[in-house]
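First to last, the protein sequences are chains A and B. Under this note's numbering, the first residue of the first sequence carries the number 7, and numbering increases by one thereafter. Under this note's numbering, the first residue of the second sequence carries the number 109, and numbering increases by one thereafter.
Derived by calculation from the structure, the hints in this document are not laboratory data. Where is the CB? At the ideal position from N, CA and C, for every residue including glycine. Accuracy of the hints is not assured; some may be wrong.
[What the hints assert, rightly or not] Facing chain B, from chain A, some residues (calculated, C-beta under 7 Å): (1) I11; (2) H33; (3) N37; (4) P44.
[As the list claims (entries may be wrong)] The calculated lysine-lysine pairs, modelled on BS3-like cross-linking and capped at a C-alpha distance of 30 Å, are: (5) A/K12 to B/K265; (6) A/K64 to B/K372; (7) B/K302 to B/K372; (8) B/K302 to A/K83.
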Amino acid sequence: MRILIKKKEIAPCTVEISNTFESLHAHVRFNNGAIIYPGDEVLVHGRPIKAPYGKIVKEDREATILRATALERVWTKIIGKLEFMEICEFSFTEEVSL
Amino acid sequence: MKDLIDDNTTDMAMEETLISPRFYTTNYKELDKIDVSRVRSEWDPLVEEMRSDPNKTHFKKTSDWDDFDFENLEPGLRKEFIDFLVSSLTSEFSGCVLYKEMKRQGTNEDVCELFSLMARDEARHAGFINDALREANIAVNLGFLTRKKKYTYFSPKFIYYATYLSEKIGYARYITIYRHLEKNPDSRFHPIFKWFEKWCNDEFRHGEAFALLMRTDPKLTSGINVYWIKFFLVAVYATMYVRDHARPEFHKAIGVDIDWYDDKVLRMTTEISRQVFPIEIDHDNPKWLIGLKRVKRDMLFYAKAKQTKGFIAFLKRIYGASRLGISFVRLYLIPAKKNKVPTTSRLQPSY
């Protein structure tokens with residue numbers, strides 16, 4: 007892990023998008039076992055993948071993983087405590103007025 | 109962000125709404141170390157119940173799903189109702205991504221199975237809401253996958269506190285609306301509410317699972333963590349209060365008084381949370397409601413200040429943020445009530 011300079015990695019990945027009545031989900035899986043750590047950024051290459059309604063689309067792609075620096079990693083861990091409200095859901099978006 | 113697209117399954121121009129789920133990482137090694145043997149006698153039946161998938165056939169559109177025309181809704185109500193659907197969908201979706209990731213990165217068999225079952229439920233709920241949105245000619249755009257995304261970190265215990273409360277509040281909200289509409293069917297303006305009764309049992313079960321996870325390690329609900337639990341209780345309750353009060357048309361349409369509804373939902377959540385939390389919010393302390401109203405007022409002020417630009421607006425923002433911070437601290441400092449946690453925690457949804 008570097009202290010100041012970000013490291014770039016290219017990883018093969020499989021993207022699965024399901025846009026069906028039974029299941030709406032989207033996942034990216036890294037096929038080389040790469041693990042994402044706090045503060046890392048991920049960019050899947052190529053055109054946006056669209057799944058028409060009723061279809062499940064699976065595509066092998068490449069992704070760039072931009073590794074966070076040691077400093078960012080610590081920072082993300084601290085900030086994470088403050089961003090927890092995002093995983094709480096109460097049926098409405100965070101806009102206080104529409 | 110909204111624009112028009114051509115949805116190739118219907119040949120009809122649909123409004124597209126972009127959903128932006130969040131991406132998280134956590135300490136997967138810590139998850140692997142979870143040992144459920146302390147709660148095994150409650151864990152196994154719960155997982156078995158989830159494995160048997162009681163809601164497998166529930167999320168189907170039957171003849172109960174009456175025809176519904178979104179265009180007939182008042183514009184204000186339409187906006188709030190779509191906000192409700194999109195936000196619910198995003199939350200189911202984010203839950204699914206989080207649970208699936210926890211399942212994929214872990215090696216602990218008990219924990220992996222649990223998260224995989226919960227991911228299944230969330231994806232199913234999201235699919236159901238998606239279908240309701242499609243009836244309103246709104247297509248969900250999942251294009252976020254190929255955009256750069258940053259991973260936020262939450263330690264496992266924060267995920268337990270936050271998702272436990274989120275699942276149990278979700279249950280309390282859905283069942284309260286369902287029971288209310290059972291008595292007042294004329295206010296049921298959309299068929300989706302008919303599905304809430306069994307739907308929220310999934311949320312209830314997920315909450316049960318997080319209660320058990322917290323009980324695998326007594327440290328999670330004692331010592332300094334009691335202060336964290338209080339922090340989550342206060343923050344989550346206050347946020348719900350503010351957001352609900354900002355959606356008057358929705359609540360008017362289903363015929364509920366927001367003050368009555370929030371009080372009922374929060375008291376129900378508090379009652380349920382006695383299964384695991386050693387403290388509870390004192391809803392009968394008059395300062396609690398006064399404090400909530402103060403947070404609501406300051407949150408609105410701050411949100412307004414954020415919408416404008418310029419130096420004066422900048423000062424207003426700083427002033428607003430400090431005022432909101434102070435109001436939150438005052439709410440936090442209202443003494444909580446102590447609660448003796450029972451030796452077993454399993455509850456059945458009985459509201």
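Outcome of the hint check:
| no. | hint | verdict |
| --- | --- | --- |
| 1 | I11 | 18 Å, violated |
| 2 | H33 | 6 Å, holds |
| 3 | N37 | 12 Å, violated |
| 4 | P44 | 3 Å, holds |
| 5 | A/K12 to B/K265 | 29 Å, holds |
| 6 | A/K64 to B/K372 | 44 Å, violated |
| 7 | B/K302 to B/K372 | 20 Å, holds |
| 8 | B/K302 to A/K83 | 41 Å, violated |
In summary, the structure is inconsistent with hints 1, 3, 6, 8 from the numbered list given earlier, while agreeing with the others.
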